[in-house]
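Student: Listed here are the chains, written in short residue letters.
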Amino acid sequence: DTAVSQTPKYLVTQMGNDKSIKCEQNLGHDTMYWYKQDSKKFLKIMFSYNNKELIINETVPNRFSPKSPDKAHLNLHINSLELGDSAVYFCASSRALGNSPLHFGNGTRLTVT
Amino acid sequence: DQQVKQNSPSLSVQEGRISILNCDYTNSMFDYFLWYKKYPAEGPTFLISISSIKDKNEDGRFTVFLNKSAKHLSLHIVPSQPGDSAVYFCAAQGAYSGGGADGLTFGKGTHLIIQP
Numbered sequence: 001d002t003a004v005s006q007t008p009k010y011l012v013t014q015m016g017n018d019k020s021i022k023c024e025q026n027l028g029h030d031t032m033y034w035y036k037q038d039s040k041k042f043l044k045i046m047f048s049y050n051n052k053e054l055i056i057n058e059t060v061p062n063r064f065s066p067k068s069p070d071k072a073h074l075n076l077h078i079n080s081l082e083l084g085d086s087a088v089y090f091c092a093s094s095r096a097l098g099n100s101p102l103h104f105g106n107g108t109r110l111t112v113t
Numbered sequence: 114d115q116q117v118k119q120n121s122p123s124l125s126v127q128e129g130r131i132s133i134l135n136c137d138y139t140n141s142m143f144d145y146f147l148w149y150k151k152y153p154a155e156g157p158t159f160l161i162s163i164s165s166i167k168d169k170n171e172d173g174r175f176t177v178f179l180n181k182s183a184k185h186l187s188l189h190i191v192p193s194q195p196g197d198s199a200v201y202f203c204a205a206q207g208a209y210s211g212g213g214a215d216g217l218t219f220g221k222g223t224h225l226i227i228q229p
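Protein chains in written order, with the working numbering: chain C, 1 to 113; chain X, 114 to 229.
Certain hints may be false.
[Claimed, not checked] Below, in silico cross-link-like pairs of lysine-lysine (BS3-like), each with a Cα-Cα straight-line distance of 27 Å or less:
1. C:Lys-19 to X:Lys-118
2. C:Lys-41 to X:Lys-184
3. X:Lys-167 to C:Lys-22
4. X:Lys-167 to X:Lys-221
5. X:Lys-167 to C:Lys-40
[Claimed, not checked] For the chain C half of the interface with chain X, some residues (derived, Cβ under 8 Å), not all of them:
6. Leu-43
7. Pro-69
8. Ala-87
9. Phe-90
10. Phe-104
11. Asn-106
12. Gly-107
It is worth saying that the hints were derived from the structure and are not from the lab.
The model shown is predicted, which means the values in this text are computed figures rather than measured ones.
Every residue, glycine too, gets a C-beta built ideally from N, C-alpha and C.
Using the sequences plus the hints, can you model the full thing?
Tutor: Structure representation (structure tokens):
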């Protein structure tokens, strides 16, 4: 069983479109995250949710909005996609905040044309 | 500004030998450090972690060393195996204060190549 699963694996879309990436974890973890790996291969945190509350919001455009229907899911919705949004997006979860390893999904490669 | 630095983009090691991956950090508030392994088209996989109260943690073939005074940590893999060929990310986290957390700050990664 996949612990952290995200769909789709690949997403190709045009500028200006709105798209969503789904993430689910079956580990019973309390915290979920979205990370972005840019063209320079840096993994940078975008959001985290702890018990359905947004607790981190790095300086990402407000076109990006995380939505968590329950503790096991954290979806990423992106409005008005731009070329610069092309990247690999990783979902992750951890048992708790702090001193707790993150478990990552396999990533969604988003290409905006 | 990079708070976690992995200065070697790649490292080539012979099978059976020891692989040593290095990582430096600048933020003195970091107190929890992790190593992740990543294969192409997959997510990072957690390998091993160390708290700042320790200077060494060992798990099978993997050992992480932490030198707080030098703000340096390293991952030793011995013996190195072909399946160890991957990109290794160093990550760090600051103390959770309850008022917000910084998640994990990652280095840029080191591509380890194990040669037969």
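Student: If any of the earlier hints don't hold here, list their numbers in rising order.
Tutor: 1, 3, 5, 7 and 8
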